[in-house]
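Chemist: As a plain string of letters, each chain reads:
2 protein chains.
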Amino acid sequence: MKSDKNVSNSVINRLPRYYRFLGTLLNKDVTRISSKELSQLMHVTASQIRQDLNCFGGFGQQGYGYNVELLHRELGSILGVNNMTPAIILGAGNLGKALINSIEFPRCGFQLVGIFEKNPAVIGQNYIGLTVQDIANLEKFCQTYHPKVAAICIPKDEAAALADTMVANGIVGFWNFSSYDFNFHHEGVKVVNVHLRDSLMTLSYMVTHMDEGNSKID
Amino acid sequence: MKSDKNVSNSVINRLPRYYRFLGTLLNKDVTRISSKELSQLMHVTASQIRQDLNCFGGFGQQGYGYNVELLHRELGSILGVNNMTPAIILGAGNLGKALINSIEFPRCGFQLVGIFEKNPAVIGQNYIGLTVQDIANLEKFCQTYHPKVAAICIPKDEAAALADTMVANGIVGFWNFSSYDFNFHHEGVKVVNVHLRDSLMTLSYMVTHMDEGNSKID
Numbered sequence: 001m002k003s004d005k006n007v008s009n010s011v012i013n014r015l016p017r018y019y020r021f022l023g024t025l026l027n028k029d030v031t032r033i034s035s036k037e038l039s040q041l042m043h044v045t046a047s048q049i050r051q052d053l054n055c056f057g058g059f060g061q062q063g064y065g066y067n068v069e070l071l072h073r074e075l076g077s078i079l080g081v082n083n084m085t086p087a088i089i090l091g092a093g094n095l096g097k098a099l100i101n102s103i104e105f106p107r108c109g110f111q112l113v114g115i116f117e118k119n120p121a122v123i124g125q126n127y128i129g130l131t132v133q134d135i136a137n138l139e140k141f142c143q144t145y146h147p148k149v150a151a152i153c154i155p156k157d158e159a160a161a162l163a164d165t166m167v168a169n170g171i172v173g174f175w176n177f178s179s180y181d182f183n184f185h186h187e188g189v190k191v192v193n194v195h196l197r198d199s200l201m202t203l204s205y206m207v208t209h210m211d212e213g214n215s216k217i218d
Numbered sequence: 001m002k003s004d005k006n007v008s009n010s011v012i013n014r015l016p017r018y019y020r021f022l023g024t025l026l027n028k029d030v031t032r033i034s035s036k037e038l039s040q041l042m043h044v045t046a047s048q049i050r051q052d053l054n055c056f057g058g059f060g061q062q063g064y065g066y067n068v069e070l071l072h073r074e075l076g077s078i079l080g081v082n083n084m085t086p087a088i089i090l091g092a093g094n095l096g097k098a099l100i101n102s103i104e105f106p107r108c109g110f111q112l113v114g115i116f117e118k119n120p121a122v123i124g125q126n127y128i129g130l131t132v133q134d135i136a137n138l139e140k141f142c143q144t145y146h147p148k149v150a151a152i153c154i155p156k157d158e159a160a161a162l163a164d165t166m167v168a169n170g171i172v173g174f175w176n177f178s179s180y181d182f183n184f185h186h187e188g189v190k191v192v193n194v195h196l197r198d199s200l201m202t203l204s205y206m207v208t209h210m211d212e213g214n215s216k217i218d
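For the protein sequence lines, the chains are A and B, in the order given. Read in order, the letters of the first sequence correspond to residues 1 to 218 in this note's numbering. Read in order, the letters of the second sequence correspond to residues 1 to 218 in this note's numbering.
Excised from the complex, chain A in its bound form:
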């Protein structure tokens, strides 16, 4: 089921979490779940779950709840997890390598087709079947293989220097670990900025306020 309206960022942000919890339920052979049970599991209100899923047409049945397998599949389709959108990684330093080794791109909707790095000591190395290429080849690669998404694991100034080239050559989405503001400079691209510092600060709040009830941010 496809959305035919603008879904808010907050809902979009929560979708992968629903998908993840439903996947866990599936693995435990749970076949159906009420919005109340799901809400207790996920620590959100049942009304929020209903509201969120209603953005895409509902899926629940009064008195039955949600069919776990069906909802998982539908959310996966909405998230595009089967699309195998061609993606590249810029930067094969520690962060880039951590992503290459720990993230299953195909399960998130992407096929990793290229890894780029400027450090000559890393160029030529092999990771998950891909040879790290000189970042100088990026433009030609884009024109030949048409990747649509780039994971940005290089510093801000290097990202800034390459942004025009990427956008001009068909990159429309950025998984951005740098602090370069792609949106500000390039209208129309889609960007998910990852702020690891924010999540560490959240933990700082929680250990500063040990007496409060919150035990987990998930």
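Bear in mind the hints are in silico, worked out from the structure with no lab data behind them. Check the hints yourself; a few may be wrong.
Covered stretches of chain A, going by a simulated chain B footprint (3 or more residues, C-beta under 8 Å) [said to hold, decoys possible]:
{"#": "1", "region": "12-24"}
{"#": "2", "region": "28-37"}
{"#": "3", "region": "69-83"}
{"#": "4", "region": "88-100"}
{"#": "5", "region": "162-175"}
{"#": "6", "region": "194-202"}
Virtual Cβ for every residue (Gly too), placed ideally from N, Cα, C.
Given the structure of chain A, go ahead and fit chain B onto it with the hints provided.
Modeler: Below, chain B alone, put in the same frame as chain A:
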């Protein structure tokens, strides 16, 4: 100003983001801002901002807005960013090294006091003034130096094997990149789970629905 009630996870999650935007404004020498202007900048409603900040007693003045420097400082204090809570990193593989090199722990409320790894090739290496230690020394280290927080950059089964030891020796907070469920096994600890896959799936949604208005998740 300290909170004297339970603040919801959603509000806690948004606090570092407010802090970050206010820091950017400060760097641009902006001295005051209305909740409406702040809301346009951050893509949340002005009423949400007022509601969130009211959890901690407000800070805004009718007709004046927010004093940027004051609010930044107060939110920093609420987040505990000056606490220098002693923290350790478990795992100096790619992810651990990426965090060590890219996250300024002291600006997030923590002082990094130890790095632990089981790989003999990495033990003894130096990062930011710390020598990577054998993870076998973890218990003794905790008893001597009393770290309170651990960044978990080791696989789930290794995290599971060490969790009891850490909790028994005073670790109360986990910045958790593994999929081990600390809360399920250890009541009372504070956990921030980082799900990088979720954010990549969010990008998958956005490039799957290019026609929708959302351009940035921040």
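Chemist: With reference to the structure, classify each hint as holding or not holding.
Modeler: How the hints compare with the structure:
For the region 12-24 of chain A, the assignment as covered by chain B holds, since 7 residues bring a beta-carbon within under 8 Å of that chain's beta-carbons and 3 suffice. For the region 28-37 of chain A, the stated coverage by chain B is violated: 0 residues have a C-beta nearer than 8 Å to a C-beta of that chain, whereas at least 3 were required. Coverage of the region 69-83 of chain A by chain B holds [criterion: at least 3 residues with CB-CB distance below 8 Å; count 5]. Evaluation of the coverage hint for the region 88-100 of chain A: fulfilled, as 6 residues show C-beta separations to chain B shorter than 8 Å, against a requirement of three.
Taking a C-beta to C-beta cut-off of 8 Å, the region 162-175 of chain A contributes 4 residues in contact with chain B, enough for the three needed, and the coverage statement holds. Counting residues of the region 194-202 of chain A whose CB lies closer than 8 Å to any CB of chain B gives 9, so the stated coverage by that chain holds, three being the minimum.
Of the numbered hints given earlier, the model fails hint 2 alone.
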